[in-house]
Each structure stands twice: as structure tokens, then as C-alpha cells.
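Undergrad: Sequence:
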Amino acid sequence: MLELKSIRKSYKTRDYVQHALNGVSIAFRRNEFASILGVSGSGKTTMLNIIGGLDQCDDGDLLIEGISTKKYRDADWDRYRNNRVGFVFQSYNLIPHQSILANVELALTLSGVSKRERRNRAIDALVEVGLEDHIHKLPTQLSGGQMQRVAIARALINDPEILLADEPTGALDTKTSDQVMKLLEEIAKDRLVIMVTHNPELAHAYTNRIIELKDGEIISDSNPYVVSDDVIVKEKSTKKTSMSFLTAISLSVSNLLTKKGRTFITAVAGSIGIIGIASILALASGINLYIESIEQETMSAYPLSIDASGID
1 MLELKSIRKS YKTRDYVQHA LNGVSIAFRR NEFASILGVS GSGKTTMLNI
51 IGGLDQCDDG DLLIEGISTK KYRDADWDRY RNNRVGFVFQ SYNLIPHQSI
101 LANVELALTL SGVSKRERRN RAIDALVEVG LEDHIHKLPT QLSGGQMQRV
151 AIARALINDP EILLADEPTG ALDTKTSDQV MKLLEEIAKD RLVIMVTHNP
201 ELAHAYTNRI IELKDGEIIS DSNPYVVSDD VIVKEKSTKK TSMSFLTAIS
251 LSVSNLLTKK GRTFITAVAG SIGIIGIASI LALASGINLY IESIEQETMS
301 AYPLSIDASG ID
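For the sequence shown, the numbering used here gives the first residue as 1, with consecutive numbering after it.
Calculated from the structure, these hints are not laboratory results.
Certain hints may be false.
Distance condition first, Cα-Cα at most 27 Å in a straight line; then the derived BS3-like pairs of lysine-lysine [as the list claims (entries may be wrong)]: (1) K5 x K189; (2) K214 x K5; (3) K70 x K137; (4) K137 x K214; (5) K137 x K175.
With the hints as constraints, model all of the structure from the sequences given.
TA: Set out below in C-alpha cells:
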């Protein structure tokens with residue numbers, strides 16, 4: 001379902017060219033848990049970003065369900081990321097002043113899903129990751145492992161076919177890392193999970209395919225997959241990412257209400273600025289009127305007289 005063909009990617013600076021990927025070719029099964037290992041700078045994250053549509057290759061092709069992405073426009077990549085791919089990062093990227101339920105709902109809010117449906121789907125996703133008793137808590141009230149579970153639930157909310165995890169256990173202790181890995185292992189039973197990690201022990205313990213990168217090239221693949229030309233696939237229907245105007249207003253108001261103190265101070269400061277500008281303009285206008293009135297009074301007190309005279 002997912003195939004990279006001769007992918008090349010370089011990053012250029014003024015005096016140097018860093019070759020991140022050098023002709024990488026690999027295919028992934030529809031359901032598997034694959035881990036990508038390699039030292040820093042080997043091209044792991046670059047490869048993950050290209051698979052997720054966060055970055056584009058310089059040369060080569062990414063095939064999704066056998067379809068080339070060479071002619072993809074920005075809107076096509078948006079739909080791909082929104083409907084077919086879920087992302088889990090080392091940093092949880094949760095909004096601290098919103099409940100974990102609201103954090104998970106946000107992905108569906110951006111997709112234009114109705115309030116009732118996104119609430120039900122968000123609850124189901126949190127139940128799936130074992131957080132049904134914490135749905136109304138704030139992220140700051142959770143442990144690191146629980147926050148990573150929230151991030152996983154948010155990544156799964158749109159039912160993506162591919163889940164990409166970039167160092168999902170990098171900030172967790174050993175016990176919590178095992179819990180997160182077991183969850184990802186379970187998720188991989190019905191979708192493709194690709195994980196980048198520096199931890200070979202976790203990779204060997206939980207993933208069923210280990211890919212090693214070095215200097216932008218694949219040096220080993222424990223369970224390679226060759227795409228069959230006669231595989232028939234059914235493409236998942238996608239829809240345009242959108243958010244209604246009322247939903248945008250609602251989110252803005254909600255954000256303001258959760259930060260009442262800052263909103264009040266900002267409003268007061270803005271009001272002082274507006275009043276100051278208005279006062280200056282009023283003062284300038286008043287001074288101009290005063291000067292005009294003085295000129296008129298002066299001219300009326302000393303009228304000009306025009307006399308006609310002639311010389312014989």
C-alpha cells in the first residue's frame with residue numbers, strides 16, 4: 001500500500017550539501033509494525049517526514065496504493081495528511097488549557113465533523129488507549145505516559161491507515177515505554193505503524209520488521225516486502241480539510257475564556273492605547289479649531305480697508 005522508489009533528499013546550505021537520503025527504495029505491508037533504526041543524521045526522520053507528506057523528495061517517487069504522488073498539489077497533501085496518516089512525536093504537542101477530550105477532538109474539528117460525532121469518536125479513541133477515566137483532566141494533570149497516550153488517541157481519531165511515530169518513547173522511562181510500545185503493537189494489527197527510534201531493544205522486542213539506515217541508505221531489512229502488481233486495492237475516500245466559521249469563532253471564544261486574566265489585561269492595554277490615540281487626535285483637532293478662531297477674531301478686530309485713489 002505504501003512504496004518508496006529511489007527517494008533522494010538533500011539539504012543545501014551556502015557552502016555545503018547534506019545528502020539525507022540516497023536512493024531509498026522500500027515497500028510496506030498494509031498491516032505491520034516496522035521500526036527504523038540508525039544513528040543521528042542517518043536519514044530516519046527525513047524518511048518519516050517524506051512518508052507523512054511533511055516534506056517532499058528531490059528525486060524519486062512515493063506511491064500510495066500504487067498511485068504516484070509526483071503530481072500532488074498542496075491540497076492533495078493536505079487531504080493525505082488529514083485522512084490517511086496519523087502522527088505521534090516525542091513531544092506531545094497538547095494544548096495545556098484544554099481537556100484531553102478537547103485535545104483529541106481538535107483533529108476532527110479541523111475536519112469539519114459535527115460536535116456530537118467528534119465527541120463520541122474522541123471518547124472511543126481515549127477508551128481504546130485506556131484513558132476513559134481521565135477524559136476531563138488537563139494535560140498538566142497527567143503523567144508523561146498518559147500524555148503520550150493522548151497523542152496516540154489524537155493520531156487515531158481520523159482512523160488513518162498509517163501511523164507514524166517519531167521517537168514516541170524518547171521522553172519516557174522504561175516501564176512507561178513498554179506500555180506505549182504494547183499499545184502501538186496492538187494498533188499495528190489493523191494498520192501500518194512505522195516508528196523511528198534510537199532504542200534497538202524496544203525495536204527487537206515489539207516490532208516485526210526492523211529497517212536500519214546509515215548515511216541515507218538502507219543497510220538491512222529484517223522482513224522485506226515486494227509489491228505484487230496484481231494486488232487490488234480500494235482507495236479510502238477522502239474529503240477536504242475544512243472548518244466552519246462558527247466553529248472557528250467558538251474555538252476563539254473558548255480560548256479567550258480559558259485565559260481570562262490575560263484577556264482582561266490585553267483588553268485594558270488595548271483600550272488605553274485607543275483612548276490615547278483618540279485623545280491626541282481630539283487635542284490636535286481642538287488646537288486647530290482654536291487657532292482658526294483666533295485668526296478670525298484678529299482679522300475682525302483689524303479690518304482691511306481698500307480705498308480707491310487717482311492722480312490727476
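Undergrad: Hints numbered earlier in the text: which of these fail when held up against the supplied structure?
TA: 3 and 4
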